[in-house]
Every structure is written in structure tokens, then in C-alpha cells.
Amino acid sequence: MRNDLELDAIIEDYLLGKLSAQEIEAFEKLRLNDAAIDHKVVSHKFFMQFIESYAAQSNLKEKLNHIHNEIDVETLASSLRPHSSKIVQIWRKNKSLIAVAASFIVLSLVSIYSIQHTSQQVDRYLQLGKKVDNIEKSQSNLIRNIKSNNVKVPTKVSPTNFGGTGFAISANGYILTNLHVINKADSIYIQNSKGDSFKVKTVYTDSQNDIAILKISDPNFTSLASLPYTIKSSTTDIGENVYTLGYPKDDAVLGDGYISSKNGFSGDTTQYQISIPVNPGNSGGPLLDNNGNLVGIISGKETKVEGAAFAIKSKYILDAMRAIPQDSLGKKITANKKSMLAGLKRTQQIQKLQNYVFMIKVYHD
Amino acid sequence: MSKRLNSSFPTDREVVLGILNNSEDVLNKLYKAYFAMVLQFILNNNGNEDDAKDVYQEGIIILYNKIKAGDFELSSKLKTYIYSVCRRIWLKKLAHNSKKAGNITDYEDVFVVEEDVEEHQEKDLQFVKMQTALDHLGEPCKTIIQDFYIHSLSMQDICEKFGYTNTDNAKTQKYKCLQRLKKIFFQP
Numbered sequence: 001m002r003n004d005l006e007l008d009a010i011i012e013d014y015l016l017g018k019l020s021a022q023e024i025e026a027f028e029k030l031r032l033n034d035a036a037i038d039h040k041v042v043s044h045k046f047f048m049q050f051i052e053s054y055a056a057q058s059n060l061k062e063k064l065n066h067i068h069n070e071i072d073v074e075t076l077a078s079s080l081r082p083h084s085s086k087i088v089q090i091w092r093k094n095k096s097l098i099a100v101a102a103s104f105i106v107l108s109l110v111s112i113y114s115i116q117h118t119s120q121q122v123d124r125y126l127q128l129g130k131k132v133d134n135i136e137k138s139q140s141n142l143i144r145n146i147k148s149n150n151v152k153v154p155t156k157v158s159p160t161n162f163g164g165t166g167f168a169i170s171a172n173g174y175i176l177t178n179l180h181v182i183n184k185a186d187s188i189y190i191q192n193s194k195g196d197s198f199k200v201k202t203v204y205t206d207s208q209n210d211i212a213i214l215k216i217s218d219p220n221f222t223s224l225a226s227l228p229y230t231i232k233s234s235t236t237d238i239g240e241n242v243y244t245l246g247y248p249k250d251d252a253v254l255g256d257g258y259i260s261s262k263n264g265f266s267g268d269t270t271q272y273q274i275s276i277p278v279n280p281g282n283s284g285g286p287l288l289d290n291n292g293n294l295v296g297i298i299s300g301k302e303t304k305v306e307g308a309a310f311a312i313k314s315k316y317i318l319d320a321m322r323a324i325p326q327d328s329l330g331k332k333i334t335a336n337k338k339s340m341l342a343g344l345k346r347t348q349q350i351q352k353l354q355n356y357v358f359m360i361k362v363y364h365d
Numbered sequence: 001m002s003k004r005l006n007s008s009f010p011t012d013r014e015v016v017l018g019i020l021n022n023s024e025d026v027l028n029k030l031y032k033a034y035f036a037m038v039l040q041f042i043l044n045n046n047g048n049e050d051d052a053k054d055v056y057q058e059g060i061i062i063l064y065n066k067i068k069a070g071d072f073e074l075s076s077k078l079k080t081y082i083y084s085v086c087r088r089i090w091l092k093k094l095a096h097n098s099k100k101a102g103n104i105t106d107y108e109d110v111f112v113v114e115e116d117v118e119e120h121q122e123k124d125l126q127f128v129k130m131q132t133a134l135d136h137l138g139e140p141c142k143t144i145i146q147d148f149y150i151h152s153l154s155m156q157d158i159c160e161k162f163g164y165t166n167t168d169n170a171k172t173q174k175y176k177c178l179q180r181l182k183k184i185f186f187q188p
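Quick mapping for you: the protein sequence lines, in order, are chains L and Y. The UniProt record's numbering numbers the first residue of the first sequence as 1 and each following residue consecutively. The UniProt record's numbering numbers the first residue of the second sequence as 1 and each following residue consecutively.
Everything labelled a hint here was simulated from the structure, so no lab data went into it. Keep in mind that the hints are not guaranteed to be accurate.
Below, computed lysine-lysine pairings styled on DSBU-like, alpha-carbon distance capped at 35 Å [claimed, not checked]: (1) Y:K161 to Y:K182; (2) Y:K161 to L:K315; (3) Y:K93 to L:K40; (4) Y:K92 to L:K45; (5) Y:K182 to L:K29; (6) L:K93 to Y:K182; (7) Y:K77 to L:K29; (8) L:K63 to Y:K92; (9) L:K40 to Y:K79; (10) Y:K53 to L:K201; (11) Y:K93 to L:K61; (12) L:K18 to Y:K161; (13) Y:K79 to L:K95; (14) Y:K171 to L:K40; (15) Y:K161 to L:K93; (16) Y:K68 to L:K61; (17) L:K45 to Y:K183; (18) Y:K176 to L:K29; (19) Y:K123 to L:K40; (20) Y:K92 to L:K18; (21) Y:K77 to L:K61; (22) L:K63 to Y:K93; (23) L:K40 to Y:K161; (24) Y:K53 to L:K63; (25) Y:K176 to L:K40; (26) L:K352 to Y:K53.
Covered stretches of chain Y, going by a simulated chain L footprint (3 or more residues, C-beta under 8 Å) [unchecked claim]: (27) 38-51; (28) 165-171.
Please read these numbers as outputs of a predicted model, since none were measured by experiment. Backbone N, C-alpha and C fix where the C-beta goes; we use that ideal spot for every residue, glycine too.
One chain only, chain Y, in its complex shape:
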């Protein structure tokens, strides 16, 4: 398995272009290419597989957003960037859980990515808030909102799914849900 993973390393250019073109295949390759590296780092620094998954996905998302936003310059190797970001995230987590982070075992070069991580985590905080707001919303509102805004289903589909007599009813229901969501979300 790991052999196959290693053999399919995409080039850095390939990754950047692929992400800009929404290529699922490239994302797939990218994800598999560097997971072992981060897994090794986390496992050897007081973490488990789940930690590795969370940290790695966060790292990939940061990279993805950075490339999408167009301000990613290929000044360094992608691998180094991912490693540095994941390392930073994991160190923060360790510090947050007041676990010992004294002697970090490194496997790659590291450079400064504090800003990128900071920025992402601020945003992420908002997303977490949104998630809890959605969870508070209850059914069927949560599903309607998710289906419409996240899975981009049409009003027609939602209408059928929930058995509304017509789309107007569904729409009204959706607006009600949205209003409640806003209310919960903006609650201090």
C-alpha cells in the first residue's frame, strides 16, 4: 500500500494546476502522497492516527485555500509547506492540551507558516460556530439548509424529498430556517 502511495507522487506544479482546475484526481493523489509523512510525525510526537487525520486534513485545506485564493507561490517544495503547516498545527494542539511538546522529532525541513495557520484557524472557529448553529437548528431545517446551500440541491428536489406540496411552501420553510440559523449564529 505504502509503496503504491509513494510511487504516485504528483509534481508540485501538477498539484497547483489541478487544484485550480478542481481536479479530484489531483486532490486524491496529493492527499495520498504526503499522508504517510504527517502520520509518521504525529505518531512519533505523542499523537495517534485520528490526530494525524485531523491535522493532515487541516493542512491540506490550508494549502487548498491558499492555492485557490491565488496567493500561493511555489517558492518552496509543497512537501515542506505541508509538513511545516501540519507541524505548526500539531504543536499548537499539543500546547493547547498541555501535553509535553519539548523534544519534537522532525523528519523534514521546516519554515515559518504561523500566519497561514493563524488565519485558517480563525476562519475555522467561525465554521465550527456555524456547525454548532446548524446542529442547534434541528430537523428538518438543518437538512433543508444543508441540501440547498451545501449540497446545492434545487428547490424542486428538496420539495420532493420532504414531501412539500409545492416549491413555494418549501421556499417559505427554507427562509424560516435561514432566519433561525442567522439568529442562532449571531447569538453572542
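The following block holds chain L by itself, in its conformation from the complex:
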């Protein structure tokens, strides 16, 4: 026992480096010779290290306890404790859940709203009469007024309230257009591609098919050359290339496309659906195929649907022509039998065609 204690003392001194050089040498020899002593040294070393880290930790703990005592835990805790009120507690705990639920409700409301909205959109049909004209004119007038503020220029302009397109259906001055273009008009003028204006009067309207026939009543008007196009009595097949010439602006504009469906808006059998970009002002324009046959009248398009425009089938033009009371006519109007456009290039066709397509100007007042 006594020996063990001494040994322990020596080992500790050895590990702490307190031994003299001679003693170290002697002890290391002893260690080499006696495995039991060596083992003791190693285990003691580890134990000391362990005690050291234990000491470090308990010292640290003591320090922390000391710091902890400086904190007023009571007041801190009372401010951080879960709220006594159940509702506040539920809110705090389920914040994210409530947020998710709320956003889901908002989302579903939005989607229900938009579904309703889109189903409303299906029923929107836009007639392509040109109402914008008035605004544009009054705007340019305004600019002119400002620029020439002190000069007393402004000649009185009676603005066109409404505009569209029309085309001749006979050489003696019968013009066909959409009824919605000239509806409620006080006076109607047409203007040809050269810029000449003629006064016209309405001789026939068909509200069911949206067709109106006008007659040029201007004394300056002589007559047109014979019509270059024929009016087709049979229906045209899907895929037929067609084009239209119209006045969505002050110059004639070509629209090119094809017949995309046999029936029109909501299955309307009196119309074709066509894929031609059309705009307000195109209403009443002629729809022709490549052989110069008149196959329809541009009448409208579907809003919110890309590339869906509608044209009244040409068969109804012939019906309308036949329905004009014959005795009111000075001369009978007959449909042209032979197309002069067949076999011509598109540019040549249009050159001929444009003399027979008119801008319709409608004044309400």
C-alpha cells in the first residue's frame, strides 16, 4: 500500500515534469522493464486528463451559474410565457396553418371568379363597325386648334361617327354592307379608293342576316364597269384560301386567311368562321376566294379568341338581292355570271377589286 502511494506520487510528478533528469531516466527504465508500471502510467495519464476536462467543465458551469443568477429570470419568463388566452395561443401555434388555409380560400375565390369570367367571355361577339374614327378625328382637330390658336382657320368638320366597308353588287350603283354599319344613320356617304365621295341611300335591310343594300343617289355618279367578281351561291369548304379588302383605316387594307369552320359564332349556320385578322372598320367587307368568287361578307369576330372572325355566307347576299322589291328599282340588278379575277395574281386581283370596294361613312347627328 505504502509502495503504491509512492509509485502514484512518482508517476504524477513524472507526468507533471517535476522529476529531475536522473529520476526520469531511472523511472523510464523501470517503466520499460515493468509492463504493470507502464500500464499504470498510461491509465493515470488518461485519468488526469479526464479530471482536467471535468474540472474545466465544472468551472465553466460554476461561471455560468454565476452569470445566470444575474438574470432576472422571473420577469423574463413572464413576458415570454405562453399567453394565457386560448385564442392567442391557437393563433401563435397555428400561424402557418391559418395562413395556408387563408391563401387557399383566396386562391379558390379567384379561380371561381375567373372561371365565371371566362364562361362569360364565350358570349362576346364584336361587330366591327369603326367607332374610333370620331375620337381620332376630334383628337386631330384638337391638335390643329392648339397649333393655330390665333389663326382663324377651323373649317367646320362634321365628323364621321361610324365607319365600315361596303362593295358593289351591281354596276349601276348598288352597294352591299352590314346593317350594323349603317344602323340608325342620318346620312351615309361612300368613298372609293380614289377618294371620291358619293351620297347613298338605303334601299333594303335584312336585320336577321345583318345585311343592308345601299344605292348611290349622287348625281355625279355615272356607273361602274361590270363587276369583276361573281357571287357564289354554294357554300365553300373549310380550308379554302380567302381574302378581304376593307377600310379599318383611311386606306384599303388586305386581310388574308382561310375558312376555318363551316358555321359561325355559336354554330350560326348563316356564317363561316374565318381565320383573318380583322379590325373595327372591316365590317361589310367582301370575302373572296382565289378565283375571284365572292364567298361572304365580313361581319364580326369573337373577342378573347385569337383568329376567329365571322363572315356571312354569300348565299344570303343573293337572297337579299332577290328580295329587293323590283318595282322600286330603276333597273334590275343581276348577279354577275363570270369572274374576271380567275387566274390573276393576287396583286392584279386587288387592283381590279379596289374600285368596287368602298369606305362607308355614316353620320349620326
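Following the hints, complete the assembly by docking chain Y onto the known chain L.
Quick look at chain Y alone, frame taken from chain L:
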């Protein structure tokens, strides 16, 4: 009080350098800076102030040792690290006491610190064993060992404190105590 606590947040760099330099002041600041955060977490998750103290101190010790060991990289905010460690410790405690830990209310970001906590708790188990061994040792051995090894008193001081006639007697007594401690400690 809490206002003062919040206003004295040390920067993360400050803390790491301070701990490496054994700065008591920094330790003090660090401790006070984040205690409220952990207290809030524990209080709102089935714990009381004492639980908070234990968990928080354990967390601080883990951080302290990690910094001391030199393998703490400031890749994340210190605050997040402390929170994550304390959270992990508390969840383990809750599971251990088979208390309900289903819906944990979190107040901070969390990242994975399982390894650090595991490592620490293994070590801590040994320390607890040492503590019980010391408690078993009885007086005056316990105090002698504690004074010498933990409070680093000199043999001379101990000699005077316990009224030994000379340091050799005290030394002999200390070795005896140490031997007994080893025996108790290594008992299976």
C-alpha cells in the same frame, strides 16, 4: 432588464475570439444575449425556467468546447447554432421523459447539430459518473480532490485548510483519496 440584455448582443466574431482568450466578459455577454430566446422556446414547449437553465447551459458548454477545440466554423449565425443545439437537447429530454413533443413551436431557423449534441452527451455521461464518484468519496477526500484538481489550490493551501502537520501528510492523503476515486469511478 430584457432590454438591457438585448442591447448588449456581442458579435459572433467577438464571441469566438473572446472564448479563445478566456474572456469572462464575453462569456457573460454571450450567456445573457441568447438566454431569452431559449427560455421562450422551452417555456412554450412544455418546460419551465429550470429546464431552460439546464438546457441553455448545456448548449453554451457545447458551443464553448467546440470553439475551444478549434473546430467551430462560423458558417452560420451563432444564434442559430445555439438555438439548434438547445432545441435538439430539449427534444431529446422531452422524448426521454415521454412527454408530448408533437407540435414544437419554433422561433428560429434550425440546422442539424445531432453529432455535436451526441458527442457532448456521451462525455457528459462520464462527467456525471465522476460527479457521483466524488459524492461517494465522502469527506475530506472529496474536498481535497476538488480543491487540488478543480479549484487548483496548492498543496500548501490544502495543508493549512485541513490542518495537516506538513504537506507530505497532505500529499499522502491526497494520493489515497485519488486511488479510492479511481476505484469507485472504474467500478462497473
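Straight-line alpha-carbon gap K77 of chain Y to K29 of chain L, limit 35 Å: violated (53 Å)
Pair hint outcome, K93 of chain L versus K182 of chain Y [Cα-Cα no greater than 35 Å]: violated (51 Å)
Hint consistency between K171 of chain Y and K40 of chain L [alpha-carbon to alpha-carbon, up to 35 Å]: Judged against 35 Å, a Cα distance of about 19 Å means the pair holds.
Restraint check for K176 of chain Y with K40 of chain L, where alpha carbons must lie at most 35 Å apart: The given pair, whose Cα atoms are some 15 Å apart, holds under the 35 Å limit.
Pair hint K45 of chain L and K183 of chain Y, alpha-carbon separation not exceeding 35 Å: holds (15 Å)
35 Å limit on alpha-carbon distance, applied to hinted pair K161 of chain Y and K182 of chain Y: holds (24 Å)
Holds or violated: K68 of chain Y to K61 of chain L, with C-alpha atoms at most 35 Å apart: Satisfied, since the Cα-Cα distance of roughly 15 Å is no more than 35 Å.
Given hint K201 of chain L paired with K53 of chain Y - CA-CA distance at most 35 Å: violated (99 Å)
Coverage of the segment 38-51 of chain Y by chain L, judged on three or more residues with CB within 8 Å: The restraint on the segment 38-51 of chain Y holds, since 5 of its residues have a Cβ under 8 Å from chain L and three suffice.
Restraint status (C-alpha distance of K63 of chain L to K92 of chain Y at most 35 Å): Cα-Cα ~25 Å, so holds.
Pair hint outcome, K18 of chain L versus K161 of chain Y [Cα-Cα no greater than 35 Å]: Holds. K18 of chain L to K161 of chain Y sits at ~24 Å (cutoff 35 Å).
Hint consistency between K93 of chain Y and K40 of chain L [alpha-carbon to alpha-carbon, up to 35 Å]: This hinted pair is violated, its Cα atoms lying about 38 Å apart.
When each numbered hint is compared with the structure, violations occur for hints 2, 3, 6, 7, 9, 10, 15, 20, 26 and 28.
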